[in-house]
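J.: With the sequences and hints as input, model every part of the structure.
Number of protein chains: 2
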Amino acid sequence: MAPEQVFIASAVQAWKQNVERADKIFSGLSDAQLQTEVAPGKNRLVYLWGHLTAVHDAMLPLLGVGDKLHPELAAAFLTAPDKAVAALPPTAELRRAWNEVNDRLLTAFRNFTVFDWAGKHTAVSDEAFAADPLRNRLSVVISRTSHVAYHVGQVALAPK
Amino acid sequence: MAPEQVFIASAVQAWKQNVERADKIFSGLSDAQLQTEVAPGKNRLVYLWGHLTAVHDAMLPLLGVGDKLHPELAAAFLTAPDKAVAALPPTAELRRAWNEVNDRLLTAFRNFTVFDWAGKHTAVSDEAFAADPLRNRLSVVISRTSHVAYHVGQVALAPK
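These protein sequence lines are chains A and B, in that order.
Heads up: the first sequence runs through residues 0 to 159, numbered per numbering that gives the first Met the number 0.
Heads up: the second sequence runs through residues 0 to 159, numbered per numbering that gives the first Met the number 0.
One should not assume that every hint holds.
For chains that are exact copies, the list does not tell them apart, and a pair is met inside one copy or across any two.
[Unchecked claim] Straight-line Cα separation of at most 25 Å, SDA-like style, residue types lysine to any residue; simulated pairs: (1) Lys23 / Arg134; (2) Lys159 / Arg94; (3) Lys15 / Ala127; (4) Lys15 / Ala129.
Everything labelled a hint here was simulated from the structure, so no lab data went into it.
T.: Quick look at the structure:
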C-alpha cells in the first residue's frame, strides 16, 4: 500500500469509526429518549441526530458527489437552533435519512481516486485552491470527522 | 505538493485547529471556572484539560518521539476518574505542561517524513502492522484529533 493510499484509508477509517459510534447511540434510542437534552437547556438528542444528518447530507454537493438527498432537513437542523422548529420528522424517517446519507458517502469514498481526494471541494475557487491545497476533499472528511466526535462527546453526557 | 504531502498537511492542520480550539477555551478560564462540571455530575473542566494533556503526553512515546514529558499527570487524569484524586496540580503548572506537550508534538510533526507518518506506531508489533497498515503514526494523530474534538464538545456545554 503506497503512503497516499494508507493516509486516505486512515482518514476514512476514522470517519467510519466516529459515524458508527454515533449510529450505535442514536439508533438505540426511543422517541422519548430522543427528547432528552444533553445538558440542562442544551440541544436535544433528536436535534443533534438531525443536525449530523443534515451536515453529512451537505457533504454530498461539497464533495461533488451529487445533490443533497434530504435538503428538507436543513431548515429544522442546520439553519435553526433546537426547539425553534416545532414539527420534526418522525424517528423512522430520520433514521432512514441518516443511513441513506452515510451509505451514499461511503460509496463515494470507495470510488474516489487519490487525485479525487487531493482535489478541491466545490466551495473553493480554482484560484483559492491553488493558494491553499489543504482545501481538498480529504480535508472535508477529516474536518467532518471532528464534527461528529464533537457532538458524540455531548451525546455521551445526556442523562440515561 | 504531492498527494501524500497534502494528506499529511490536512491531517496535521485538523489536529492544530482542534488543539487551538481547546487551548483558547482552557487558557482563558480562572481557577474557579476550571472547577465547573461540563454537565451535572460529569467531569470538571480542570479534569478534561489535564486528561487531554496526559493523553497528548502519551503520544510522545507512542509516536516514537521520546519519553513522556509529564508522566506524573497520568495518575490524576488518565487512570483515575475525576474527583478520585484530591490534589490536582496548580493551574499554572497544568498550563505549562499543556503547552510543552503540544509544542513538542508539533515540532515532531514538522520533522516527520512521509515514511515516518506511514510507519508503525510503537504499540503495534511488526507482524500486526504488516497485517494492518492503518496502525501508522498519521492514524494516531487523526484518532487523537477526534478525541480532542469529543471533549471540546463537552467543554462547550459547561455553564458560563
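J.: Within a copy, between copies, both or neither: where do Lys159 and Arg94 come within 25 Å Cα-Cα?
T.: within (20 Å within a copy, 34 Å between copies)
J.: Checking an output row: Lys15 and Ala129, CA cutoff 25 Å. Within, between, both or neither?
T.: Classified as between; 22 Å across copies, 29 Å inside a copy.
J.: Go through the copies and call it for Lys15 and Ala127: within, between, both or neither, with a Cα cutoff of 25 Å.
T.: Between copies only: 21 Å across chains, 29 Å inside a chain, cut-off 25 Å.
J.: Taking 25 Å as the upper bound on the Cα-Cα distance, should Lys23 and Arg134 be classified as within, between, both, or neither?
T.: This pair counts as between: shortest inter-copy Cα distance 24 Å, intra-copy 30 Å.
The earlier numbered hints are all upheld by this structure, with none contradicted.
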